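J.: Here's the letter readout for the chains.
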Amino acid sequence: MNPHLEVEAVSKIYNAVTALDQVSLAVEQGGYVVLLGPSGSGKTTLLSVIGGFTVPTSGRVSIAGKDVTELSPAERPTTTLFQDYALFPHMSVAGNVGFGLKVRRVPAVERERRIAAALDLVGLAGYGGRAIHEMSGGQRQRVALARALVVEPEILLLDEPLGALDLNLRRQMQDELLALQRRTGRTFVHVTHDQEEAMALASLVVVMNKGRIEDAGAPKRIYERPATLFTATFMGESTQIRGRVSGTNMVETAIGLLHGAAEQLIGTEVVLIVRPENIRTEPSDIDLGGARIREATFQGAHYRVLAKTERGDQDFVLRLPPNSVVEQGRLLRLSCRAENLVVLAR
Amino acid sequence: MRRQIGNLLSGFYLTACYIYILLPVAVLILFSFQDGRLAVPPFKGPVLDWYVTAFNNPRMMDGLINSLKVGIGSSALSVILGFLAAYGISRYEFPARRLLQGVIILPLAVSYLLVGMGLLVTLSSLGLGPSLWVVVIGHVVINMPLAFAICLTQLGEHQRKIEWAARDLGASTFRVLTQVTMPMIAPAMIAAFCLCFTLSWDEFIIAFLVTRFDVTLPIVIWTMLRGGLNPQTNAVGSFIFLCSILMLIAVELLLFRKRHA
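Chains A and B, in that order, are what the protein sequence lines are. Be aware that the first sequence starts at 1474, since it is given in this note's numbering, and climbs by one per residue. Be aware that the second sequence starts at 2, since it is given in this note's numbering, and climbs by one per residue.
So here's chain A without its partners, still in its complex pose (with noise of 0.2 Å):
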């Protein structure tokens, strides 16, 4: 099958700076693509070139097999779901909805019955008769939510959606987001770069980092398995072991000899990931030496520990249970399983 959305070696220079660097992507219908990286890295630019806001210097965007790259947001089947909503201020909340489908010309009565349901999917039946000041944050966002969703777009585009949000509504929106993707069978573009969001509602994580895709994968992988330095960085906490290949899946490092798959040649430098809920403190397949405990805070379904090897010159960031014994001082004696070692060039 064709991907839904495919977006081909896409550039854009602007005044000399390259916001995106040859990105290519493929995704399939229904898939919700979540855009992630620091600011800066061009995943807004790139929602935006797929949307028709940006024309980009050089590529191809296609959406459902059609070249859309010469199209404008008007003629593109995509709808955005703006930062701040941009809803406009002077209409109700059933003349935001349906502005899309008076602007398609879809006759009244039909319009009346379809801005309803849209507001019955956002679970906002019966505030059709309301100004948009009458309505909160939260509320907002569902206005214009179910205004880009009753046009049935190919695509909805969602640019840092819950950003404005607070934490509790931000969880409960995600949930909704998700639910109401299953439910359309549409397929969601959503940039952000919280990635805690994005390993929540993805079923694509695509990690952005100056203009280029470092990797993009399912969520599990990217954070289990990350392809670069960058990407096991920004998914989260790890101890990172510099070394360099010494031989078949032999890595030399300041704590010794370790057996990890090193696909790279002999002589590279490298860097080993493990997450910290993967290290243990009994036997197992790697042994990483002995280190004493630094700093432990409790975060309440287990302990976030910071260790140092004795002679100082390798950290370690792990998980203890919420019973252990965290005193400073401790001396741990750490290792890993082999898979959860994953060996990244440096």
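Calculated directly from the structure, the hints in this document are not laboratory data. These figures come from a predicted structure and were not determined experimentally. It cannot be assumed that every hint is accurate.
[As the list claims (entries may be wrong)] The following label-pair restraints were derived from C-beta to C-beta distances:
1. A/Lys1575 x B/Leu114: 39 to 45 Å
2. B/Tyr21 x A/Lys1575: 53 to 59 Å
3. B/Arg99 x A/Pro1562: 57 to 63 Å
4. B/Lys162 x A/Asp1593: 25 to 31 Å
5. B/Ile81 x A/Val1490: 52 to 58 Å
6. A/Pro1562 x B/Leu247: 25 to 31 Å
Cβ atoms here follow ideal geometry from the backbone N, Cα and C, with glycine treated the same way.
With chain A fixed as given, assemble chain B onto it according to the hints.
T.: Same frame as chain A, but now just chain B:
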């Protein structure tokens, strides 16, 4: 103690300022109610005789109607042209955009006398005679920059995002302008209209230079004043003042109240 003296002095200074500004207007209004042929102290009255005389004076009424025509016509044109210019400047990227913006604003700095003389010279070189139409053109020249500046301040990034949303939903530029942008900044546009109208309403120099038989109200008053002071001119002056004040209150309500909300 020291603070009290300070407050007292500030209060005195403020009162002096307001008296300086408002006393002439207050005197003008007071003597419009004068009972007698001379608009000088001592004050006798109050009577509304001079208002009746003024509103029954055909020259005065012609001037009033001409002023209304010029005011409404030139203000409407100024706001429409100013809005379109502001939209173009704020929404499109093109070379020399800043320069063009400066050129649009420029007439604000040119004296009315120069605008009027320029129009007069242009008219005679085109072989056209003076008329109310030329006053309209002159007032558009001086007021359009103002309407442009007011509209420009209202067309910020937030409004741009909202226009994007409308385009994203399939709206054409015409639909965006008429159904999104204009309704969204309508209070500012109406305020700009009121401000332009106020300025056109009592503008004298341009109107004086480029009219001959059909004249505006300020010209009528000036002509009458040449015949000596007369409470009837006070009455008309008070009326003009009242109209201006009402317009300014409208501007205040539409443009500045909104920001505090």
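J.: Between B/Arg99 and A/Pro1562, does the beta-carbon spacing fit 57 to 63 Å?
T.: violated, 29 Å
J.: If you check the beta carbons of B/Tyr21 and A/Lys1575, does the distance land in 53 to 59 Å?
T.: The hinted range 53 to 59 Å holds for B/Tyr21 and A/Lys1575, with Cβ atoms some 56 Å apart.
J.: Are B/Ile81 and A/Val1490 spaced within 52 to 58 Å by their CB atoms?
T.: Since B/Ile81 and A/Val1490 have Cβ atoms about 38 Å apart, the given range 52 to 58 Å is violated.
J.: Using the Cβ atoms, figure out if B/Lys162 sits within 25 to 31 Å of A/Asp1593.
T.: holds, 27 Å
J.: Regarding A/Pro1562 and B/Leu247, is the given constraint of 25 to 31 Å on their beta-carbon distance met?
T.: holds, 27 Å
J.: Quick one: are A/Lys1575 and B/Leu114 within 39 to 45 Å, going by C-beta?
T.: violated, 51 Å
The structure does not agree with the numbered hints 1, 3, 5 stated previously, though it agrees with the rest.
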